[in-house]
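Q: The chain contents come next:
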Amino acid sequence: MPDDTRDIILTRIRTNLLVRRDERDVSGEAFAVSNFQRSAEESGGLGKGLVQRFEEELALVGGSIRRVFSKEELLASFSDLCRSEAYHNLVLSREPSIEELRLDEELKKRVPGITLSKVSGTNLIAQLQVADVGVTGCQYLAAETGTVVVRSSPEAPRALSLLPRAHIVIAKEEQLLSTVAACLAKLSVDQAHPSSAITFITGPSRTADIEKVLVKGVHGPKSLHVLISSGSI
Amino acid sequence: MHVTSKKFRAKAKEKTQDLEGRQKFYAATHHSVKARDLVVQGVLNWESLRESAHQIKAHSIANLADLLEEFEKNATTNGMKVYWAGTEEQACNYILDLARLNQASLIVKSKSMVTEEIELSHVLEKEGIESVETDLGEFIVQLAGEGPSHITTPAIHKTREDIGKLFAERLGVPFSSDPAHLTGVARDFLREKFLKAQIGISGGNFAIAETGDIIIVTNEGNGRFTTTVPRIHVAVLGIEKVIPRLEDLSTFLSILPRSGTGQKITSYVSLIRSPRRPEDIDGPEQIHVVLLDNGRSEILADPVMREVLYCIRCGACLNVCPVYQTVGGYTYGSVYPGPIGSAFTPLMSSLEMTKDLPYASSLCGRCSEICPVKIDIHHLLIWLRRKSVDERLSNPIEKLMIQIWFTMMKSPVLYRFMSKVGRVLQPIFPKRNSSLKVPLWSKSRDFPKLSPKTFKELWPEIEKETA
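Protein chains in written order, with the working numbering: chain S, 1 to 233; chain Y, 1 to 467.
Keep in mind the hints are simulated off the structure, nothing from the lab. Ideal Cβ positions, reconstructed from N, Cα and C, are used throughout, including at glycine. Warning: the hint list may mix true and false statements.
Stated by the list, open to error - Simulated coverage check for chain Y against chain S, where a stretch passes if three residues somewhere in it have a Cβ under 8 Å from a Cβ of chain S:
| hint | region |
| --- | --- |
| 1 | 149-162 |
| 2 | 220-233 |
| 3 | 325-335 |
| 4 | 359-373 |
Stated by the list, open to error - Here are the simulated SDA-like pairs of lysine to any residue, each with C-alpha atoms no more than 25 Å apart in a straight line:
| hint | chain 1 | residue 1 | chain 2 | residue 2 |
| --- | --- | --- | --- | --- |
| 5 | S | Lys-212 | Y | Trp-383 |
| 6 | S | Lys-216 | Y | Phe-175 |
| 7 | S | Lys-212 | Y | Lys-431 |
| 8 | S | Lys-212 | Y | Glu-20 |
| 9 | S | Lys-216 | Y | Leu-143 |
So here's chain Y without its partners, still in its complex pose:
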């Protein structure tokens, strides 16, 4: 996984100056949140659904090894081939070998975050195999030579004019800024690819241990095409995607579309059980399931952070996050942006490489409140901050300041003395834009005014008045 989060602070600073960009992100994320709130309001037991989902995920992770073995057994019985990939190289090499073995020159992909994580398209392109993203948003960012900037809405940062120009340039069609027309252009272009491709690669939202099913939740139908028309279907799934039973799926089908796109259910939910049977007249001849670890099993060693593996990638926490709304997806320097990405990326990479990410949060807690599987995201970020202090990655000056403050707060005498001193020295406190600056604080705001009297001094007066 390619991580460039080291530049977060610098990039974020730049993004906060881009008012037009901020407005775009703000509008798009608000649109999603409003749609989500509307369909969630209609569910009276939303909180118990979240709790159920959390419990099922907690159970699944606690029994992960057994469930994976059960899934492997059932999927294999159904005729799928299960491959265990420890690293992203192993996963990519397996798919590359498969493509070479079958002389595949064209691969169609339906949207999948995990294939972004292992940079599969990049690897395939390098070997001269054309790999086409078929989700409209992913198709747009692929044409532009970019990556997704949002988990469920990859091209959230582009306007219709941007896309019209891009299509005109790259596909040689007349310019249009009509979303319906542009969608039609993509449909025609991609239909041809679907029919020619030898391999279809998808992710998977869930894997069912009890039945060996792969579940794919989509709206456009590209997921169905990818898993129906090409001769070979490859599904790449993180090992955390397995849940025990088909019945457990109903909980997730109630929360995932509502949280992700504000729908009661998506247009399509595919339950894929086996390759084409001898009597069938369509469907892939082979299905390969790549179970990807890539650092996930190491995350389990931290019983607090384990919870990040409950994530079902709905993207709701991105939409409500004031930081994401301001800086957008790319700033995070990871395929997993936003609050959940800030918790997940450091574990997949290292805290040293990503040390700003746990701080990319106002700790307002909206992410935790909206999370449909009740991941306590902002507390996980605090936990990571603690870890980075333990690992001595934090700023030494900050540490010194905290220690001074800590000593002061612990001693009533010292505290009273310092608040007196503070009031006396107040007139020389730095103002915004003054030449004297307290770093970070007075760069963009005035130092707050201290009250002329402390609460303790005020108390006798209040008591007299109320008596």
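In isolation and in its complexed conformation, chain S is listed as follows:
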């Protein structure tokens, strides 16, 4: 009976915890909350502007960032990326921030031979298996570590940023926060429409399991590009 086991475990925990150690009290008093966020800001680096810090950190882990100031620049930069990296088959999320850019029409005009499709509810895995790139928006960015926070939704499924060999994120400067701690604090307040999964992504997938040699691109994407727009687009 699993229910028995549950009660046995909980009772055993409670009973055994009654044995106290005199010199060190670990009773249920309020404990110190991490002061990481504050100190990280004090420790400098973040002062020079969040975008610059984000850019540096992301570069350190092998991601790329392009900063744009208008929709025209965004599209030009995006097309440039597709051409230079030879991305032909792109799958787009259906998030409003991506939909409003009308990437399918715009990119077709600029990049010859490009194929664009939106995430499909019926044959997602097959669609993503043959794609070069998954294109998504994001919830937040954390400057201190170069982290992109994406949440899953029917419009932006989990596999979109996982299966294709590259992941392109389209972000806005106002989504940029200082630290991962700040993102977590926002996420714990913002529970109105919780996702089934949230992923903090920092650079491409990587491993060092063979002789500690760093290799990028294991099961997840080999490349991560962030296009960050400042001002209104």
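Keeping the supplied structure of chain S fixed, place chain Y upon it in accordance with the hints.
A: Relative to the frame of chain S, chain Y by itself:
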């Protein structure tokens, strides 16, 4: 949990002779420590972060029952199924039943120490269910028919040539010793498995009581695959993994990747809250959370040793340990090797079965210094030594020697007399390699020379000189 620590002494002796192996371990662990030191240097408040982490863990363990109930309530509300496993058999049987019920023939696993502890793959294989490790290091050791030799770098004992040969033999690919190429081979092989598997099994680095989230910290993306593509996701967690709030996670995300792999943060941190919602187009239909006790709640009865349950499995204490660097992971005879393993394994098994482990330490204290949650590891090992003396597991001759020494040290007259005798008898003290041996001591070194005069005898002379 399969423990063969009884052979520690014999195996360690063998390993110390293997100079090539020692060099390999030394290089790999040093590489990790250097990377860790580099990213830790950049954090000005590292010590207060460690203290915070320690406090959060202390609080979580002190309130473990309440937090587990809160987690269960929230996870269940979110649509996960929570199963309480008292023993490893219960945990394995639950997963086995689940696999049978869903006619699963292929299971993908992301790296998890707790599933190693309950030997889940072994149990599944015995029932004819293919269970594939998808973390590259774990995949390598699984192909070789071995277990992990390090908590965060399972194949630390293998060279690129070893791995190239292994892949050629077991996967039928041409030999290569290029890590990038070998990684690509594993990627292609495992991608197919991911897409075919009916069940994905993961561990979990943390469970959040307040939200019911399971947190998985990975680099390769296999953790995301395991929890995204298969129809059913099973997360196995030790009961000590629960922490109160989502905000508390930030402290651990600052210390775990830095201590484990020398990264500011890992490539991926997944917060898994619920199975696929009706409107979602991917994600598992079911999520089962197995909360495993397997002896942990009994550890709580010892208020000193309780601290081992604060461990977040970063592996930093292994990397700095001179014993681990010399003898490697397998010698410990436990899935949890190194200093923290030497403290944890005896509690999970028995001191009698593992009596050498508390002594597998030079007590230099580097493990305690590097531990990101400030577990006082080497003092816990001393505590276990004390327990084994209480349980009369220690060597009686050693006890006799200590008693003689103790009597001598307590009496000034006797002490002075013995130090005189010692100086007189010094010429016949055994030398290294001489036929006369003081066991253990002069086997590999000379007996140290005594000073011709004691400090007490020297003092009047010194006083005269300085006056």
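Q: Run the structure past the numbered hints and jot down the numbers of the failing ones, going up.
A: 3, 4, 5 and 7
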